[in-house]
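Next come the chains, spelled out residue by residue.
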Amino acid sequence: MNPQALMDGLITGAMIGLGAIGVTLTYSILRFANFAHGEFLSWGAYFALAVASALGAMSSALLAPIGPFSFGWALPIAAVVAVVLTGGLALLVDALLFGRLRDRKSTVIIMVMASFGAALTLRSLLEFIATSKPAYYTQALQIALPLGGGLRATPDQLLSLAVSAVLVVAVHQLLTRTAIGRSMRAVSENPQLAGVVGIEVRHVIRVVWLLGAALACVAGISAGLLVQIRPQMGLDLLLPLFAAAILGGIGSVPGAMLAGLIVGLAEAFAVQLIGAEWRAAIAFAILVLVLLLRPQGLFGRPE
Amino acid sequence: MMASLDQPVALSTRGLVAGYERDLPIVRGVDFAVRTGELVVVLGPNGAGKSTFVKAIAGLVPIHSGAASLGANDITTVPAHQKIRHGLAFVPQTENIFATLSINDNLLLAANILPKEKRSRRVGDLYAMFPDLAARPSLRAGQLSGGQRQMLAVARALIVEPSVLILDEPSAGLSPKIVAEVFAKLKAINATGVTIILVEQNVKAALAIADRAVILVEGVVRHEGPAATLADDPVVAELYLGVRQKAPAA
Amino acid sequence: MQSASALNGSTGVGDHPPLIEAREVTKQFGGLRAVDGMSISLGRGEMLGLVGPNGAGKTTLFNLLAGSLKPTAGTIRIAGNDLSREGSERRIAHGVGRTFQIPRPFPEMTVLENVLTGGRDQAGEHIWMNFLRPGHVAAQERAAVDKARQLLDFVTLSPLEGEPARVLSGGQRKLLELARILMADPQAILLDEPAAGVNPTLLELIIDRVLELNAQGRSILLIEHNMEMVSRLCGRVVVMAGGRHLTEGPPAEVARNPAVVEAYLGGVA
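Quick mapping for you: the protein sequence lines, in order, are chains R, A and F. 0 is the number of the first residue of the first sequence in numbering that gives the first Met the number 0; add one for each residue after it. 0 is the number of the first residue of the second sequence in numbering that gives the first Met the number 0; add one for each residue after it. 0 is the number of the first residue of the third sequence in numbering that gives the first Met the number 0; add one for each residue after it.
It is worth saying that the hints were derived from the structure and are not from the lab. Because the structure is a prediction, the values reported are computed rather than measured. Take these hints with a grain of salt, some might be off.
[Said to hold, decoys possible] With the Cβ distance kept under 7 Å, some of the chain R side facing chain A (calculated, not the full set): (1) Gly-87; (2) Leu-174; (3) Gly-180; (4) Glu-188; (5) Asn-189; (6) Gly-197.
Every residue gets a Cβ at the ideal spot worked out from N, C-alpha and C, and that includes glycine.
Generate coordinates for the entire structure from the input sequences, incorporating the hints supplied.
Dropping the structure here:
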């Protein structure tokens, strides 16, 4: 067995974990599975591409690779802008669709069906605007550096891992130590009591969308940087995202990241053992096993 | 604190009609008033609408007609999450604390609507009032016993220094000894000047701490009066059991 | 504690077993013992009231008798058969019908269609019967419709026969539910708070119909908080408190029992 699968698994897993955190937060606080979450990943990646290209057109100095990485300053700057734009997109979708359904006290199944519709719309729009041709942030090639133990990783990949780690810690701190984090956890547990206690639930909902979308955006940029940017990228990651969110336990941020790593590693090792065509089946198999054996996941509350 | 008649009215309702469904009012026209500093208990047999009445005041059940006022302010149409900002704190019967949050987080959460400078001071004040909670502030609230949960729920409600505190059956599910502790605490809180409205099933325990009692039957007020006299009044048992307590002369 | 008299109170005819009999039934939910060693029996032609303060375990006992909960201990017999392990779907076959505190008719089906769903042993419910014996199925259907119409007349809902059930008021829904369970010709009827959510005029009608059903010889057990209604309807009343049998007897007597008053006003719930 090639130990490189370990590295590949961790890198992919970190991306999945980042996206899964967004899913688990929106799922536990908004109380429905948002199948359009994958599209925030795609749109985030494309927003960053558009802004980075525009910046690069304005000043080619911004395209010069920073240090050992394959991208110039255009990308980090574009990432910040993309996060804001993706957050805006999420708020827009909520204002146009989910918020209205919520106000009408729609059942969960309607919200989920609506999210399928939203996903299809967002994806088609992206295909229309950007075409299905794969795109890349940079043409610069990267050499994988040896890390010891037969493992190799490019600087971009290590950066992606580091960013994921930092974000997990940051989100965890946000949830456990800040007032807004407390409010989010309270709304996740009991929205009616939260209102009685004086929490503005609508405000919390907006924050959740922004945070979920921001994390999806970063995950999308990561995926776009390390692999490629396509309109289908979010859809391809949707099943692993949900598998990780559920394996980790809905509502648990560390759980989502840990589960993401598990899913990533499982996929990488399975591909080694039984072939790349089975990759998609792994996340599915994990999902089914979790739901059958321990539906609350690793760290979730037993219902 | 025995409130005298010249105390201002802290909370009142006029002709309140409320219910979950528009064509089925559970509260059918209730006139009610509590004066500042009073401890009033709302009693009545099952299905009388006691819980629905206070939930309607708290904004959790739709009001069909009539009005509710807090002091001089009409709060009939104020949404549930704004009631606390007007000074009305409500402690529901079940699920009245956040079990997945720590005791400290539960209190900090409630303190959030206060200005920054006041927050930690008020939380400190509550810890002083409820030493059991101060002992282990980082304990997950879900691990507290039933009585301790009620204490936390009450502490949470008091953080914003509400003018009126409403509790919906705080004795539910608690052993008599714990009920006595909770009620003693409520009496002590009332003594500091907090107006309290208490909905209760446990008539005896409630009358023992109340100044006044109001009895609802089928959505309307059927009887009211000072708690001391009601404690021995056979009318209370009659309203609960629907049958005259003293056999008529045969 | 008068568990012996629980069995004495049944008005069985000759040596017929009581229609519904629970013996030493206990129901435990985790650490909570909602029903603790309860015994109760419903005799033929009897109208029995089950009362008690909030949290006494009445609804739990009711659900145990109706089969929607299974007892942790003890037995439940219907017409002499031990059905302790059986779910509610089998109760109808044994002649027991039950209503719900908040009836939920099929909102888009008509009132008549709702009543028709209550029929037992309908051949037309097996798909192949519709093809192999269409005549038989059609004849059964006609008979069922006739019976349903009679029952709708009994509950005075005939003018609303063709209306979708969602237009009915709370009290009318209770009457509809009554008609529906009568399609299966139950010998014993369990009524779950028949007065709850019903406006006073319809309540009189419901009381009248229930008395009529009892006069037809059906046994009725009802949970009710409206003590006035219980006194008018029931010959015998069983009082529960704290999951246990507190006392039983004629309503007027029970209501003046100091132990009962104590339980209602805040002794042990």
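Given R/Gly-180 as an interface hint, is the shortest Cβ-Cβ distance to chain A below 7 Å?
9 Å, violated
Hint check: is the beta carbon of R/Gly-197 less than 7 Å from a beta carbon of chain A?
4 Å, holds
A closest beta-carbon separation below 7 Å is what the hint needs, so does R/Asn-189 meet it against chain A?
6 Å, holds
Would the stated hint for R/Glu-188 survive a check requiring a Cβ distance to chain A of less than 7 Å?
Hint on R/Glu-188: holds, closest Cβ of chain A at ~5 Å, below 7 Å.
At a threshold of 7 Å, is the proposed contact between R/Gly-87 and chain A supported by beta-carbon distances?
Violated, about 26 Å.
Can we keep the R/Leu-174 interface hint, with Cβ of chain A closer than 7 Å?
Violated, about 11 Å.
Of the hints listed earlier, those the structure fails to meet are numbers 1, 2 and 3, in rising order.
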